[in-house]
Amino acid sequence: MSEIPASATPAESNLPGVLGIVDTAIARIEAVMLAAGVLLMAANTVANVVGRFVLQSSIYFSEELNSILIVLITFAGISYAARHGRHIRMSAIFDQLPTPARRTMMVLIAVVTAIFMFGLCWYAAGYIITQAGRGRLLPALQIPVWWMYVWVPVGFFMTGMQYALTAVKNLTDKDIWLSTIVLEGYEEDSDPL
Amino acid sequence: MALTIFLIMIVLLLAGFPMMIPLIAAAFVGFFTLFGGFGQLETMIQQMLAGIRPASLIAVPMFIFAADIMTRGSSAGRLIDMVMAFVGHVRGGLAVSTAAACTMFGAVSGSTQATVVAVGTPLRPRMLKAGYKDSFVLALIVNSSDIAFLIPPSIGMIIYGVVSGTSIAELFIAGIGPGLLILVIFSIYAVIYATRHNVPTEPKASWGERAQAVQQALWPLGFPAIIVGGIYGGVFSPTEAAAACVLYALLLELVIFRSMGLKEVYATAKSTGLITAVVFILVGAGAAFSWVISFAQIPQQVLASVGISEMGQIGVLFVISIAFFIGCMFVDPIVVILVLVPIFAPVVDSVGLDPVLVGTIITLQVAIGSATPPFGCDIFTAIAVFKRPYIEVVRGTPPFIIMLLGVSVALIFFPQIALFLRDLAFR
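Chains as they are written, first to last, in the working numbering: chain A, 1 to 193; chain B, 1 to 427.
Source of the hints: derived by calculation from the structure; they are not laboratory data.
Backbone N, C-alpha and C fix where the C-beta goes; we use that ideal spot for every residue, glycine too.
Among the hints, a few may not be true.
Claimed, not checked - Short derived list, chain B residues pointing at chain A, Cβ under 8 Å: (1) Ile24; (2) Ile45; (3) Ile58; (4) Asp332.
Given the sequences, and given the hints that come with them, work out the whole structure.
Right, here's the structure in full:
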């Protein structure tokens, strides 16, 4: 885990036309969700500690709110990380391959990853429907449990899309792309976590 | 089934897939074969979500956030300057300062790679100018960052604690002893190195300068006080200490030092969110993986096949040390902890080992492994940050690895190195 800053500029999509506008909008929303999620989590956790020490009473829904936020951050973040080529990978062997082999491998990696993400999206949606059918409520907040999981299939789907688009990009472009907006071998490639 | 799962994981890892995929694929194969089809995959999702929800894991994003604020602000730099003012002038002083600064920074941050960046970036140019060889400098920075992983807070310890059900507070306190021991050993080596290679010493800081450096660092010194003091004194749980650090970091950088604006806080939050997501998807996938292999009793089969139950406590600790050390030579420490801890859990239990000692040893091993060729992840951080070729980053590492392995063996035979402070605080 590094605390190396992520690129501060919002991702400009290089998809054509309306798709590009949608993609850029999604990227912005994800960025806001990430930052807001962390800030809210900090505010919630800090308020709980201050409340316990100063006012001698904790926030009764603090833990549930943090659970909701960590799910939000994780599943908004996996797609954002895919877009910026920031998922941790062991690229040492990959990097030694000649260019055509690297391109083939990158397409294979992107396709297989996308398939897994779409599969998980499907089963996550199924899981939410099962949960919704049970109608359980979060004990403190009294909201349906499945609400906190709605980001899960969305996040998997968006991540799957990012990898699918990466595969397409590598098949159509002369360069090798780590993600839809990051060239392979670009600094962020070796950016560790 | 065990063999298939591990083969798939290793092949996907080495092929350069994002690390969540080997874990997800392995869990998937486990669920598929165990339940004869796709029927139980919703359980896999359920386990992934259960894996990321424990309240104690909230300490991870909070500590990352606090350290990120301090590094982008001025607190981290002030702490490093203070260390320099006191030990910079002795023979090998810059090298000793580097190790000490890693320890100091480790008391704020829970990650080795962040430490390589935060300490290495300002100190490497000064060491090169003073006449140290680059191979020594790089190896020193990469290996000293191990200390930061042991000194609380430690991301690795939080995740180990959650996966194994061990007290994170006790783990944090137990990491201090081995961390300081490594600092002492590295410092002695640095002095010997500087004497043998005749590296000139730095001018001595006057007491006035020292007083000023301490004054500058006075506020940031509150961080170790909050974390170690708060947890040691039983005032804070680790998650509460992390929240207190965030509040304190914001107070320092926004109000007292004014080194940051709200815009930077937002950018820092975003970058923290990104790092958190990348780690937590691994934690989730790891939880699903660990659930399915435990359900299929794979750990028991694997451990029985190496005959671990006849080895006794010392033998088991050696096997664990070697497994984690080798794992981290290839893969990210968090992935290694997520995969191997559940495998060793039954044997740790059955031979009656103290899980805090095991956690400390594991944390030390994953830290050492991350700094060890061929693929330790800290090496690649150093390559990326300092823009040096692989071979140069790796060349100076053997003496450090030998010293660290010495500490590992010492920790196995003298567990009090880790447990002394823990017993003092909690028993």
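Hints, one by one, checked against the model:
no.: 1; hint: Ile24; in the structure: holds (6 Å)
no.: 2; hint: Ile45; in the structure: holds (4 Å)
no.: 3; hint: Ile58; in the structure: holds (5 Å)
no.: 4; hint: Asp332; in the structure: holds (5 Å)
Checked against the numbered hints above, the structure violates none of them.
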